[in-house]
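Visitor: Single-letter residue listing:
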Amino acid sequence: MTKLTGQAAIVQDLERQISELERQTGSSVAQEEIKRLQEQIESLRQTGPSPQNKDAWTRVLLARHPQRPYTLDYIQMLFTDFTELHGDRRFGDDQAMVAGFARFEGRAVMVAGHQKGRDTKQKLARNFGMTNPEGYRKALRLMSLASKFGLPIITFVDTPGAYPGIGAEERGQAEAIAYNLKEIPKLQVPIIPVIHGEGGSGGALAIAVGDHVLMLENAVYSVIAPESCSSILWRDWEHKQEASRILKLTADDLYGFRIIDEIVPEPPGGAHADPEAAAGFLRAAIKKGLSDLLPLSLEELHRRRFDRLRSLATFVSEG
Amino acid sequence: MLFDDGKYVELDAGLSSPNPLEFVDRKPYSLRLKEAARITGMKDAVRVGEGNISGKPLIVCAMEFQFIGGSMGAVVGEKIARAIDRCIQKQLPLVIVSCSGGARMMEGTISLMQLAKISASLARLDEVKKPYISVLTNPTTGGTTASFAMLGDLNIAEPGALIGFAGPRVIEQTIHQKLPEGFQTSEFLLEHGMLDAIVPRPELKAYLAKSLDFMGAWNSDETSK
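Line by line, the protein sequences give chains P and X.
The C-terminal residue of the first sequence carries number 690 in the working numbering, and the numbering is unbroken.
The C-terminal residue of the second sequence carries number 228 in the working numbering, and the numbering is unbroken.
Extracted from the complex, chain P is given alone in its bound form (with noise of 0.2 Å):
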């Protein structure tokens, strides 16, 4: 009965979003998150809190669950001693990415991650969480900074993908993201990404190259948003739910490709149901991975690290 009220309160909350959305004449990514809130109303009218056949379309919708932790959420459950930095000092302060020292354990790192709102207010200042360039290059450049003083770096991704706008292009979204794809490589300390939302193509990948990528039981990750998919090869959002099949973008799939290393647990019901038990199982995994790959020489860790992407190939060769 509990868990009812807390579905229905939800609901109501989604709702008030949606009217507050649609007050908002001058935002340009409103009309998509209305669609997207509409979505999650209707997901949970039709999963319940606890959804027992995890396919992939609901797993789409518990890695969007409008209740799951965010970054700073883990952030703060994780670590001790945040302190946010700012700015790429070329261009401003992307609020869609955060990043700044922490301790975890103990021991001094560097975290950067997407950063989602969770009312309308925070949405528009997070930008749904999706990265214009300068959030790249801030990230970039304090994983370059943790990197010269030896801070190991956990990043967290959680993205619907990078932003579509025209400042975004004016400014170089494409040569942001390709500039952290070749530069993260050589960073000279251990990198453990997160995938623990939504892993929206480019955008996500553009922090989530590194040493041991870990990722969530129910987060999702994918080249193409299941209904850009759908809508690409049937010319409707209809076939959202076979595009999210066929892309293969679940955890289980991910970790049969080797394009993650480990799967983290969630609690029953996902994230959102039990965040301390969630945040549990994720500081495990982190603590785990970075004691496997602390001991390593500065050579090994660059060798490992190459291979593991080198070695993400599926061909047939003849003649």
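Read the hints as simulated data drawn from the structure, not as lab findings.
Yeah, the Cβ is synthetic: ideal placement off N, Cα and C, and Gly gets one too.
Keep in mind that the hints are not guaranteed to be accurate.
[Said to hold, decoys possible] Cβ-to-Cβ under 10 Å is the rule here; a few derived chain P residues that face chain X:
id	residue
1	A545
2	Y550
3	A575
[Unchecked claim] Computed footprint of chain X on chain P; a stretch qualifies when at least three of its residues, placed anywhere within it, have a C-beta under 8 Å from a C-beta of chain X:
id	stretch
4	449-463
5	601-609
6	613-621
7	678-689
[Said to hold, decoys possible] With a straight-line cut-off of 20 Å between C-alpha atoms, the simulated SDA-like cross-links for lysine to any residue are:
id	chain 1	residue 1	chain 2	residue 2
8	X	K30	P	Q612
9	X	K132	P	E554
10	P	K406	X	K30
The hints should help you fit chain X onto chain P, whose structure is shown.
Guide: Chain X only, in chain P's frame:
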């Protein structure tokens, strides 16, 4: 086209996709691959050749838009990564001519990983100080732009090419505005500092030979013997 007398040795032409996701939408991906192969005579969307430009050796990777929109899956990723390996090993300069809609949807996250794989390989090419020129042609978008196409020591484009991260339709749908005239053209990118130069196709070969020479592509040193 770029090689002297049009002569080159093709590399890794035998690589093809096994359809790793067993992707089937309205049409099986394996069938799309067969059709693309029939139209282009290629097994995937990039051709890699080793030959000479103005009498000096180099490797050129040229993407083929007719092959599923020039999209990048694991075969494109592997062929380009091998081309980079070979440049490092043989101390050769690299040119990649992009013409691509981005990562190939039908190979899912495996396609996405090719962005990281190729970019990491380019970081290794930096270490041996052999130049890489990225040539962007119409169109170059998505994951291709967000990886190797923007990572050249020089990034040059043909006039009037569509170049961007997000496609214009996606941006219009997101922001609900008409895009300005000339948005995401080569000229727009040059103006915004993303390109070194715009070079028309008839001048391309001479431009590449000259620029590679400036960057010491063929300076012999002890290690290259």
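Visitor: Each hint needs a verdict: does it hold in this structure or not?
Guide: Hints and how they fare:
A least Cβ separation of about 4 Å between A545 (chain P) and chain X falls short of the 10 Å threshold, and the interface hint therefore holds. At its closest, the beta carbon of Y550 (chain P) sits 7 Å from a beta carbon of chain X; the interface hint therefore holds under the 10 Å criterion. A hinted interface residue such as A575 (chain P) counts as satisfied when its beta carbon comes closer than 10 Å to some beta carbon of chain X; here the least separation is about 8 Å, so the hint holds. Beta-carbon proximity to chain X at under 8 Å applies to 0 residues in the stretch 449-463 of chain P; the threshold of 3 is not reached and the given coverage is violated.
Check result for the stretch 601-609 of chain P against chain X: holds, 3 residues qualifying (beta carbon to beta carbon below 8 Å, three or more required). Interface restraint, the stretch 613-621 of chain P with chain X: holds (6 residues with C-beta to C-beta distance below 8 Å; minimum three). Proximity of the stretch 678-689 of chain P to chain X, defined as three or more residues with a beta carbon under 8 Å from a beta carbon of that chain, is established by the 9 residues found. Our distance criterion of 20 Å between C-alpha atoms is met by K30 (chain X) and Q612 (chain P), whose separation comes to about 17 Å.
With a CA separation close to 16 Å, the supplied pair K132 (chain X) and E554 (chain P) stays within the 20 Å bound. For a cut-off of 20 Å, the pair hint linking K406 (chain P) to K30 (chain X) is broken: about 28 Å separates their Cα positions.
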